[in-house]
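Peer 1: Mind docking chain B on chain A? Use the hints.
Number of protein chains: 2
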Amino acid sequence: MKSFISLEEGIDILNKNVKSIGIEEVSLLAGIGRVLSEDVFSKIDNPPFNKSAMDGYAVVYSDTEEGKKSLKVIDEVFAGSVCKSEIKKGTAVKIMTGAPIPIGADAVIKQEDVTFKDGFIEVNKTVNAEENICLKGEDIKEGSLLVKRNKRLDYADIGILASSGITSVNVYKKPKIAFISTGDEVLDIDKDLKGGKIYNSNKYTILGRLMELGYEVSYVDHENDSFTGIGDKIKRALEVADLVITTGGASVGEKDLIKEAIGYIGGEKLFWKINIKPGSAMLCSKYNEKIILSLSGNPTAALTTFELIAKTTLEKLSGKEELEINREKAILINEFKKKSSSRRFLRGKVKSDANGQKVEITQVKSGNGILSSTLNSNCLIELEAGNEGVKKGDIVTIIKF
Amino acid sequence: MKSFISLEEGIDILNKNVKSIGIEEVSLLAGIGRVLSEDVFSKIDNPPFNKSAMDGYAVVYSDTEEGKKSLKVIDEVFAGSVCKSEIKKGTAVKIMTGAPIPIGADAVIKQEDVTFKDGFIEVNKTVNAEENICLKGEDIKEGSLLVKRNKRLDYADIGILASSGITSVNVYKKPKIAFISTGDEVLDIDKDLKGGKIYNSNKYTILGRLMELGYEVSYVDHENDSFTGIGDKIKRALEVADLVITTGGASVGEKDLIKEAIGYIGGEKLFWKINIKPGSAMLCSKYNEKIILSLSGNPTAALTTFELIAKTTLEKLSGKEELEINREKAILINEFKKKSSSRRFLRGKVKSDANGQKVEITQVKSGNGILSSTLNSNCLIELEAGNEGVKKGDIVTIIKF
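Chains A and B are the protein sequences, given in the same order.
Numbers 1 to 401, taken from full-length UniProt numbering, label the letters of the first sequence in order.
Numbers 1 to 401, taken from full-length UniProt numbering, label the letters of the second sequence in order.
Derived from the structure by calculation, the hints contain no laboratory data.
Source: prediction; values computed, not measured.
A portion of the hints provided could be inaccurate.
It does not matter which identical chain is meant; a pair holds if it fits inside one copy or across any two.
[Stated by the list, open to error] Pairs of lysine-lysine, DSBU-like flavour, derived with a Cα cap of 35 Å: (1) 141 with 273; (2) 136 with 392; (3) 259 with 174; (4) 400 with 351; (5) 351 with 136; (6) 259 with 72; (7) 337 with 69; (8) 43 with 88; (9) 339 with 351; (10) 194 with 311; (11) 358 with 151; (12) 148 with 43; (13) 136 with 72; (14) 286 with 173; (15) 311 with 349; (16) 351 with 329; (17) 392 with 349; (18) 84 with 259; (19) 148 with 339; (20) 311 with 358; (21) 273 with 392.
So here's chain A without its partners, still in its complex pose (with noise of 0.2 Å):
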């Protein structure tokens, strides 16, 4: 097992243990939000015939040049018909939007174009061939690419998918998550406190934040601090779950239980603890070829390392190619003094407009429990190790969630 490794060096690891968890077809309405198993191709044009783009007449262009001209009216045609008349020269067929051109025609000419008397038109205007027609295909062509293998459909793919007439597709099955809290300090919120505990945060922040990334839960656990208790809890939990996340246990007292629990399990520990602030006591581990994320008990180290590790993992395992942690560019707009010699992450808000992104630095302390820290923040700033703090009007790179 390594230890002390960068966050490099464990998502990498992360990335070589790691697989999406298989496939499945879903309806496509059901597929919202999840992501795509393989390429989608339109399986008919679109639109699938060429059709009218205006309320007016389909005519024949020539018959349109020569300026005033007078058209008989021999039929219209609504949305979702087909006309039964053919247009030749001297013809032309009322048209709605969205109908067929009748054969025959090769534009169509507005309303508000013609002056209509006694089953004629007068022609107020020229057009030309193709005018006022959307043509078949001319959207999306049968065959073409219409979304990606690995994209995460969204409204507007399925959309597209609906309208070229696809009723499912097939998406990486969406992994289901356990979690163990972890600690004799740790009650639940519905209990009294006494002497010496606190209540369960990290329960509802990791539950809370799975829900918001649509993720589904199909164990959730406490547990004191007993490693065998942890252990036996942790198999429990990967009977029916595709992965475990546990908070707690990292570092209590002169004993790290977490790794003695995935011990007693026989698990295979993959890393031990990140050069990084907050969030360094971390384990990550593997049994039966499923993933346990053993994140601090302190309440922001965990949702650090949420952030960074777990939900770059879930991300994985539902289908994404690789691990990756988004980062981009912001302008500081106030200051953090204290040194650092380790990679530090604190907590955001991030806003943009057209002269740039700009970001608050949100924890006004730095401890690692400090969770009121965590409210009204958007983003995790990075700071290299060996910082001397930042200030404002500092480019700082962060991690949006």
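Peer 2: Here is chain B on its own, set in the frame of chain A:
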């Protein structure tokens, strides 16, 4: 009924007519994504007691002042339990991170700053009063405001509330939405395309978008171009839904079927047509104090008014104080040459970094029905009425999805 109004007038009319649909108490975790209907205050101090920030020894700080000194270790205390011994000068208690500070102690000296031998520690470093102690209420004071009314609860809010022992929250009720597509030309995706028909993409884009935004859809239907049929289905939908969205029927041939449908059921028309492109053909009406938003049948027009009108209406219905379009500025990185007499919305893709927010027009064609332009977009770009087109480097207004 007002006609051909500005987008601002439309928003204004809806602000006057839309009210949140009531309040309900939900368990804490079910509060994720919901809008708080009242300020929530902390029931406890957080931390709830003075606790150790380190593994080490609880001491009387003045005992460490004169350098090397020997203190008798009289007890030990772990996180989650309370030390029964009282510390006096000359004694120390071994203490773990998170454990309550024993009576009599006023500082913690880190484990690495002492030498332990035969039941005594030798102090190798001085500590100050309260050093390595997280003070009771240091993070959050009892009675202090945790989360404000009208905040949409995220995982950090849920975490703070949990840490303060809040087990349930009062939130605005979630509106139930109905969707009715209309049009003779529209077929559902499981049918074979016949002459003049197109697939019903609006159903899938709108339902997909509602799912992304977390709304519950309680009624879905389709009706052909019959104003009585549409009216009857709207009435039926409003028996189970708080708001109805329809697509199509806004300018079918020479008839505005949706207006006739609202007339037929005796609904009140609030406004008809907005001066924007695409999406001008839209009817907003009211029946039994409930809102009906009738969007165009053109896919991109429907999606534009969905983002501008429907999304903001749903937000107020769900507890937001006012309907509000959030505008930002971005630098355009490509161009759109077409002049426009009316206010125009294009689809775009925005990216941000420290150098600014840059937006690309993803819509290469300008037709209302060009659904492929929706792909890979994440914002609308708003061009003012009477604009001469926009060019690379222009600062434009964007509305993020």
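Peer 1: Does each hint hold? Answer for all of them.
Peer 2: Structure-based check of each hint:
In this homomeric assembly, residue 141 and residue 273 come within 35 Å of each other (Cα to Cα) only across copies, at 33 Å, whereas the closest approach inside a single copy is 53 Å. Proximity of residue 136 and residue 392 under a CA criterion of 35 Å is satisfied inter-copy only: 32 Å between copies versus 56 Å inside one chain copy. Taking the closest pair of Cα atoms, residue 259 and residue 174 come within 35 Å of each other only inside a single copy of the chain (28 Å); across copies the shortest separation is 44 Å, beyond that limit. Proximity of residue 400 to residue 351 under the C-alpha cut-off of 35 Å is found in both arrangements, the shortest distances being 11 Å within a copy and 13 Å between copies.
Proximity of residue 351 and residue 136 under a CA criterion of 35 Å is satisfied inter-copy only: 34 Å between copies versus 43 Å inside one chain copy. For the homomeric pair residue 259 and residue 72, the shortest alpha-carbon distance between copies (32 Å) is at most 35 Å, but the shortest distance inside one copy (88 Å) is not. For a Cα distance limit of 35 Å, the shortest separation of residue 337 from residue 69 across copies, 34 Å, qualifies, whereas the shortest one inside one copy, 81 Å, does not. When the C-alpha separation of residue 43 and residue 88 is checked against a cutoff of 35 Å, the pair qualifies only within one copy, where the shortest distance is 33 Å, while the shortest distance between copies is 83 Å.
Both within a single protomer and between protomers do residue 339 and residue 351 lie at most 35 Å apart by alpha-carbon distance, with minima of 26 Å and 31 Å respectively. Taking CA atoms no more than 35 Å apart as the test, residue 194 paired with residue 311 passes inside one copy only; the shortest distance there is 34 Å, against 46 Å between copies. With identical chains, the CA atoms of residue 358 and residue 151 are at most 35 Å apart both within one copy (29 Å) and between copies (22 Å). Only within a single protomer do residue 148 and residue 43 lie at most 35 Å apart by alpha-carbon distance; the minimum there is 15 Å, versus 51 Å between protomers.
Proximity of residue 136 to residue 72 under the C-alpha cut-off of 35 Å is restricted to the intra-copy arrangement: shortest distance 27 Å within a copy versus 90 Å between copies. Only within a single protomer do residue 286 and residue 173 lie at most 35 Å apart by alpha-carbon distance; the minimum there is 20 Å, versus 42 Å between protomers. Taking the closest pair of Cα atoms, residue 311 and residue 349 come within 35 Å of each other both inside a single copy (19 Å) and across two copies (24 Å). For the identical chains of this complex, residue 351 and residue 329 are neighbours both inside a copy (12 Å) and across copies (11 Å), given an alpha-carbon limit of 35 Å.
Taking CA atoms no more than 35 Å apart as the test, residue 392 paired with residue 349 passes in both settings, with 14 Å inside one copy and 29 Å between copies. Only between protomers do residue 84 and residue 259 lie at most 35 Å apart by alpha-carbon distance; the minimum there is 30 Å, versus 78 Å within a single protomer. Taking identical chains as interchangeable, the C-alpha atoms of residue 148 and residue 339 lie at most 35 Å apart only when they sit on different chains, with a minimum of 34 Å there against 45 Å within one chain. Proximity of residue 311 to residue 358 under the C-alpha cut-off of 35 Å is found in both arrangements, the shortest distances being 24 Å within a copy and 27 Å between copies.
For the homomeric pair residue 273 and residue 392, the shortest alpha-carbon distance inside one copy (31 Å) is at most 35 Å, but the shortest distance between copies (48 Å) is not.
Checked against the numbered hints listed earlier, the structure breaks none of them; every hint is satisfied.
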